[in-house]
Amino acid sequence: MRVRKRVMGAVAAGCALVVLSGCGAADMTKEASPFANAQGAKTVTLSMQSWVGAQANVAVAKYLLEHELGYRVDTVQVDEVPAWDALSQGRVDAILEDWGHPEQEKRYVEEKKTITNGGDLGVTGHIGWFVPTYFAEQHPDVTDWKNLNKYADELRTPESGGKGQLLDGSPSYVTNDKALVENLDLDFQVVFAGSEAAQITQIKQFAKQQKPFLTYWYEPQWLFEKVPMTEVKLPAYKEGCDADPEKVACAYPHTPLQKYLNTDFAKTGGEAAEFLKNFKWTTEDQNEVSLMIADQKMSAEEAAKKWVEGHESTWKAWLPK
Amino acid sequence: MATASAPVPHTGIAGLIRGLQRRPAVGKLLLLAVVAAVLVPIVHARWASGAWPDALTVDLSGPLGSASEWIIDNRDSHPLFLYFFGHISNAVTLSVRAVYLALLAVGWAGVTAAAGLIAWRVAGVRLALTTAVAFLVCGLLGMWVPTMQTLALMVVAVVASVVLGALLGLAAGLSDRMYRALRPVLDTMQVLPAFAYLLPVVLVFGIGVPAAVLATVVYAAPPMARLTALGLRGADEGVMEAVDSLGATARQRLLTARLPLARKELLLGLNQTIMMALSMAVIASVIGAGGLGDRVYQALASVDVGAALAAGIPIVLLAVVLDRTTGAAGERIGASEPDQGALPGGRGWTAAAAVTVVVALAGRFADRLEWPDAWTVAIAEPVNNAVGWMTDHLYTGVPLVGGTADWAGHFTTWVLDPVRDGLQWLPWWSVLLIVAALAWLIGTWRTALTAVLAMAAIGVLGVWKPSLDTLSQVLAAVAVTLVLGVATGIAAARSARVDRMLRPVLDVFQTMPQFVYLIPVVALFGVGRAPAVAAAVVYALPAVVRITAQGLRQVDPGALESARSLGATSGQQLRQVQLPLARSALLLAVNQGVVLVLAVVIIGGLVGGGALGYDVVFGLAQGDLATGLVAGAAIVCLGLMLDRVTQPTERHAKKGA
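Residue numbers (my numbering), protein chains in the order written: chain A, 107 to 427; chain B, 410 to 1066.
So here's chain A without its partners, still in its complex pose (with noise of 0.2 Å):
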C-alpha cells in the first residue's frame, strides 16, 4: 500500500514539475523545429513538396540563400495540406509552389492572416490525363475522350480487373479522377499508385516495354523530357465547372502557381522573405533543374549550383537591393 502512494506521490510530483516548470501559455502554434538556427546561424526553413519541380525550387532558392545570402536553410517534406497547416503554425517559412487550396487559402490568409501571399512563381501548372506519344501516334483518335472507351481492353492490368486502368498518382494530389470516369460514362477503372514515386517508377516501365497506358499527369514535370506524352482532351473547362466535386465532367483548370510565406516571417524574414517574394522563374528553367535532380540523379545541391552558374542575370533580378 505504501508503495503504491510513494508511486502516486510521485506521480504527482511529477506532473506539479510539468506544470510549474512553464507557467503561463505555450503557443505551440508559434514553435520552431528543434533543428532550426543551430549554432547561431539565421535559418530559413522551406517546405519541400513531394514532386521533383518542387524540389527544384527548393533546391535553387537554397543555394542562393546559402552561398549569397549567408541564410542556413532547412527543408522539411510535407504534403500540400499539411504544409498549410505547418506553414501558418510558423513551422515552415515559405511554400514555393502552390496548386490552389481555396479552402486553405480562405482559411489562413483571408481570415485567420497567417498566411501572405508571395507572388507567382512564375510557372503555369495544368493537370490532365495522358498517354504516351509512341501510342498517340499510331491510335490518333485516343486523345479525344469520347474515344477512350474502345482501347480500354488495350489498357487493361491485372490491377484494374476487366476495365481499363487510369493510373492516378499521389493522394496528396488535387484529382477528380474518379467523379469524372463516372460522369463521363467511362469504361475504366482508376487506380491509384498512392506516390508519386511509385506512379513514375510504373511510367518509366511501361514506356521501356512500348506499352499503352493512360494516366492522370501534370505539367510542367520532368518526365516529359524522358516519356513523351501526349494530352487526351476532356470537355473543355469553364469557371465553376468543378463546383461540386461529385459532378464535375470537365478538364482541369490552368493554374498560374504561387508562392505562400508565413505572415510574420514576411514581415521580419529581412533579406530571406524579400528574396523569396522575389523569386520568379520559367517552365523551362524549373525543368531543367527537375531532370538534372530526377533523371541524370544529381544532388539537389549539385543541379541547383550548375542552373546558378549558367542563369546570373536571372536570379541576380531576385537579390534585395
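Hints were generated in silico from the structure; no laboratory data involved. Certain hints may be false.
The list that follows gives simulated cross-link-like pairs (lysine-lysine, DSSO-like), each with its CA atoms no further than 27 Å apart [to be verified]: (1) Lys218(A) x Lys383(A); (2) Lys317(A) x Lys219(A); (3) Lys212(A) x Lys353(A); (4) Lys386(A) x Lys219(A); (5) Lys427(A) x Lys386(A); (6) Lys353(A) x Lys874(B); (7) Lys874(B) x Lys284(A); (8) Lys373(A) x Lys386(A); (9) Lys673(B) x Lys269(A).
Chain A residues, not near chain B, derived (Cβ > 12 Å throughout) [stated by the list, open to error]: (10) Glu243; (11) Asn255; (12) Pro326; (13) Glu418.
The structure presented is a predicted model; accordingly, all values stated were derived computationally and were not measured. We put the beta carbon where it would ideally sit given N, CA and C, even for glycine.
The hints should help you fit chain B onto chain A, whose structure is shown.
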C-alpha cells in the same frame, strides 16, 4: 482415426458431453453451429446483404470533420492547447534541441568516441569497434547531420518511453488490478501498425517534431511497460520471503529485491523500446520527424533508391549497434559476472568519460566539429545502376520463368483477386462466424469474442469492403511468407552454415526502413497490390525464419535421438518429430507473421495497395481526418482481430507442446 480410437460409444446425453470434453474443438464448433443456426436466419431476414448492412453503420465523418475544424480554429487560443498541449510540445522541442545541440557541440569525433567507449564498457572491445565503425560509416555516407537529428529525436523519445513505460509497468507490477486493466491494452498496442498512430497525434500537435516524438513514445512505451510488469511479478518467491523476514519496508523491498531481480526484463524492455522507436523514427518522417527518415522519404519521392539506401544504412547500423549493446548488457547481467579486464567498474567509466572529453576538445580546437565534406562516399549512383539493371532484366520476358511483372500479374489475377472477391462475396455474418470459429479453436472464448467484436466494429465504421480488401492482401502475403519462411527456417535449423550466412541478411531486412525497398519493389512488380504484398513478405520473413529455426532447434534432442535409433530418415524426423514438437513455435511464427505483414500492407498504400492503407495516406496527405481516422481505427480492429485469431493461449500452447 477418430472413430477407430474411440472407445465403445456411449449412449445418451452424458455420453455426448463426455465425448465433447475429450474433443473440445468439436464441442466448440457444435456450440457455435447451434448459435449460428438460431441467429443467422434472424439476422439474414433483417439485413439480407452480402456486405455489411448500411443500417448498422455509423457515419463519423460529420463529427470528426467538425472536431478537426475546431482544433484548427482553436489551436492558438484555447486554454487546453495553451496550457497543456502547448507545454508538452514545448518541452519536447526544447529537449530535442538540447540533445541535438549537445551532439553537434561534441562533434563527430567526440560522438564516435563516446559511442564506442560506452559500447566498450557495456559489451566489450569487439562491439566497441563495431560501434565506432558504424558511426564513421554514417559520416562517410554523408549522413552525419541527419544521423544526429535522428539520434537526438531517438534519445528524447526513448527516455520518455522508458520513463512512461517503467511507471506504468511499476503500477502494473505492484497492483493486481492495474495489471488486469493494463495487460490487454498493452498487448494490443504491441500488435498495431505504426501507421495507425500518426493521425491522432497530428490532429492535436500538427506536423513536426513534437508530433513525431509523441507518436514514437506511444508506439515504443508498451514493451517497456509490459516487460517491467512481467519482471516485477516474476520475482522469486523465496527471495521475497527472505527479504520480508528481514523486516524490509515496502520501498526497500522494491529497490533492493524486486527491481534488481527484474533487471533482465528491464533491459529487454529497453532493447525492444529502442528498436521500436527506431523503426517509428522512419515512419514518423511522414509527419515531419526530420533526420534520416526524412532523407529516405525525400529520396523515395524522386525515385532515388541509391539515396534512400544511403540514408537507410545508418538506420540499420544504429539499430544493429543499439540492439547488440543493450543485448550484451542484458546477457552480462544474466551471467552476473563481476567486471574483469584491466579497468574494473567505476574507473573504467571514468577513463571512458575522460577519453571522450579529450577527443571532443581536440575536435573543437582542430575546428573539425562538422564532418568534412571531402570524406564522403557517394554510393547512390552505383546502387541506382545496379537496381536499374536488375529491374531492366527481370521485369518481363525472362526465358522459362517469366519476368517479375508477369508473376505479379498472375499473382494478382489468380490469388489476390479471387481471395478479395471471395471475402467480399461472403455474407457479412458468415465472415463473423468464420472469425469466431477460428479464434475459438485456437484460443479461448475471450479471444474469440474480442476478434468478433473487432470485426463487427469494422463494419460499424462503414469500411467493410476496403477492410476485406486489406485482409485479402494480408492473407495472401502471410501464406507466401509462411511457405518461404518455414522452408528457410528448416534449412537454417538443420545447417549451422546456412544459419550463419542468413543471420546478417535477416538483421538487415528486419531493420531496413520499408520505404527503402518500396521503389525497387514497384520497379519489379508494377503498381498495385502485388508490390504491397511483396514488400510485406520481405519485412515479415526474417521474424518467421528466426522463430521457426529457433523452435526446431529447441526440440528435445532425446526425442530426435530415439527417432533416429528407430531408423527414421531425416525427412521423417523432420515431419514426424521436429515439426510436431515445435508446434507452439510455429504458431508463434504465424502470429508474428500476421502482425508484421499487416504493418507493411498498410504502408503498401504508397505503392498502389489501395484499401485501408491508401485511406490512411490520403487522410494524412489531405488533412482529411474523417477518412484517415476511420481507416486507422479499422486497421486497429483488423490488427486486433488477426492477432486474436492467431494467438494461442498459454494454456493451449502448453497442452500442444
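How the hints compare with the structure:
1. Lys218(A) x Lys383(A): holds, 21 Å
2. Lys317(A) x Lys219(A): violated, 49 Å
3. Lys212(A) x Lys353(A): holds, 23 Å
4. Lys386(A) x Lys219(A): Within the cut-off at roughly 23 Å; holds.
5. Lys427(A) x Lys386(A): It holds: about 16 Å lies between the C-alpha atoms, which stays within 27 Å.
6. Lys353(A) x Lys874(B): Within the cut-off at roughly 24 Å; holds.
7. Lys874(B) x Lys284(A): holds, 17 Å
8. Lys373(A) x Lys386(A): Measuring from Cα to Cα gives roughly 19 Å; hence the hint holds.
9. Lys673(B) x Lys269(A): violated, 58 Å
10. Glu243: Given a closest Cβ separation of 23 Å, the condition holds.
11. Asn255: Holds, because the least Cβ-Cβ distance between Asn255(A) and chain B comes to about 22 Å, which exceeds 12 Å.
12. Pro326: Given a closest Cβ separation of 15 Å, the condition holds.
13. Glu418: Non-interface label on Glu418(A) holds, nearest chain B Cβ at 24 Å vs cutoff 12 Å.
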